[in-house]
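Peer 1: Sequence:
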Amino acid sequence: MVTFLPTGPGRLADVPSFDRAIGGAESNVVCGLAAAGHAVRWVSRVGTDGFGDHLVETIGGYGVDVASVGRDPVRPTGVYFRTAGDRAGADHEVAYYRAGSAASAMSTATVDPAAVRAGRVLHLSGITAALSPECRELLWELTEPRPGRPLVSFDVNHRRGLWPTAEGPRVLLELARRADLVFVGEDEAEEAWGITGGPSAVREALPEPRVLVVKQGGRGAGAFVSAADGGGPVAPTRRSRTGQGPAPLGEVPSRSVFVPAPVVDVVASTGAGDAFAAGFLSATLRGLPLPDRLRHGHLWAAAALTVPGDLAAPPSHDHADRLAALDDRAWGTLRLGPGWTRTGATPEEVRTP
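Count the sequence shown with my numbering and you get residues 1 to 353, in order.
If you are wondering where the hints come from, they were derived from the structure by calculation, not from laboratory data. All values reported here derive from a predicted model rather than from experimental measurement. One or more of the hints may lead you astray.
Taking CB as the label site, the calculated pair distances span [unchecked claim]:
#1 Gly10 - Ser256: 21 to 27 angstroms
#2 Asp318 - Val74: 32 to 38 angstroms
#3 Arg342 - Glu191: 32 to 38 angstroms
#4 Arg335 - Arg160: 32 to 38 angstroms
#5 Thr165 - Glu204: 25 to 31 angstroms
#6 Asp14 - Thr165: 27 to 33 angstroms
#7 Arg117 - Phe18: 16 to 22 angstroms
Each residue gets a CB set at the ideal place from its N, CA and C atoms; glycine is no exception.
Construct the entire structure; sequences and hints are all you get.
Peer 2: Structural data, given as structure tokens:
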């Protein structure tokens with residue numbers, strides 16, 4: 001969708017002008033991955049309007065394959081407006097205009113399943129599930145356990161304002177249980193599912209995913225990994241005893257890893273969760289160890305946190321690898337501010353004095 005960012009602080013009612021940008025959980029992730037050199041495809045629907053042209057051209061400009069993006073001649077491209085404040089702030093406002101949009105018409109009839117399943121990883125978001133019953137049916141089909149299914153990554157992305165009914169938390173939980181890799185915030189799990197016992201309680205509620213990443217804001221993030229999986233690089237989904245789809249990984253114990261987040265001088269928080277997912281997925285595709293995947297997630301999130309819009313250029317592989325390789329003491333001294341991703345910056349240049 002097209003995002004309109006305010007040119008100054010204040011209520012939506014008081015902001016006189018906005019700058020146009022692009023937004024959307026899945027498109028944010030693929031743009032980040034493409035900017036880092038991964039081969040990615042974005043599958044969606046936009047209108048035949050100028051906003052749709054802008055989205056396709058801009059996302060394609062990142063190096064994303066947009067050949068499978070449908071153009072809807074009847075429905076418009078979705079848009080949303082937001083205030084400049086932090087999303088967690090009481091004064092933060094978001095106005096979504098997505099009901100009846102082209103993306104809400106995605107369904108098993110309008111999306112090519114072969115185009116969606118062609119990659120090593122299929123990344124989905126709970127935001128798509130909120131757009132319409134047809135979108136929910138599509139995600140249910142794409143998460144169906146079946147032979148040859150790509151690794152399914154699912155970011156819960158609970159947005160209460162997008163759900164027309166109270167069924168959202170139940171739908172998101174069911175979809176998460178069908179995925180191989182799940183991203184969810186600790187606060188998000190409490191809001192959606194009433195889970196108050198911390199990350200371990202989230203894992204108890206979601207034993208099925210091979211990897212469960214629980215984000216804890218500025219404190220850091222932890223990953224629970226099925227003992228049978230080991231957290232290795234992307235591999236064929238482990239099958240159940242019947243051979244039909246992923247095994248019920250609640251039957252095996254989990255191990256967990258926690259990585260604290262570096263200190264970040266935040267400019268805006270929007271898009272940080274998508275950047276974290278992209279960084280974690282990038283490190284997963286590269287076969288990096290689980291702690292490094294979490295560190296790369298934090299670094300990519302820090303890149304997004306230090307720019308005003310939804311999208312930020314991720315750090316280069318070499319730059320992120322140098323920082324991710326720091327020992328625990330040095331990692332704990334990092335302080336990242338605007339411009340830290342510039343080419344050639346060394347760990348010493350971004351470290352707290």
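Peer 1: Against this structure, judge whether each hint is valid.
Peer 2: Hints, verified against the model:
In this structure the supplied range 21 to 27 angstroms is violated for Gly10 paired with Ser256, their Cβ-Cβ distance being about 42 angstroms. Take Asp318 and Val74: their Cβ atoms lie about 47 angstroms apart, and the range 32 to 38 angstroms is violated. Take Arg342 and Glu191: their Cβ atoms lie about 36 angstroms apart, and the range 32 to 38 angstroms holds. Between Arg335 and Arg160 the Cβ separation comes to about 33 angstroms, which falls inside the hinted range of 32 to 38 angstroms.
Checking the proposed 25 to 31 angstroms range against Thr165 and Glu204 shows it holds: the Cβ atoms sit about 27 angstroms from each other. Between Asp14 and Thr165 the Cβ separation comes to about 32 angstroms, which falls inside the hinted range of 27 to 33 angstroms. A hinted range of 16 to 22 angstroms for the beta carbons of Arg117 and Phe18 is inconsistent with their spacing of about 37 angstroms.
Going down the numbered hints, you'll see the structure goes against 1, 2 and 7, while the others check out.
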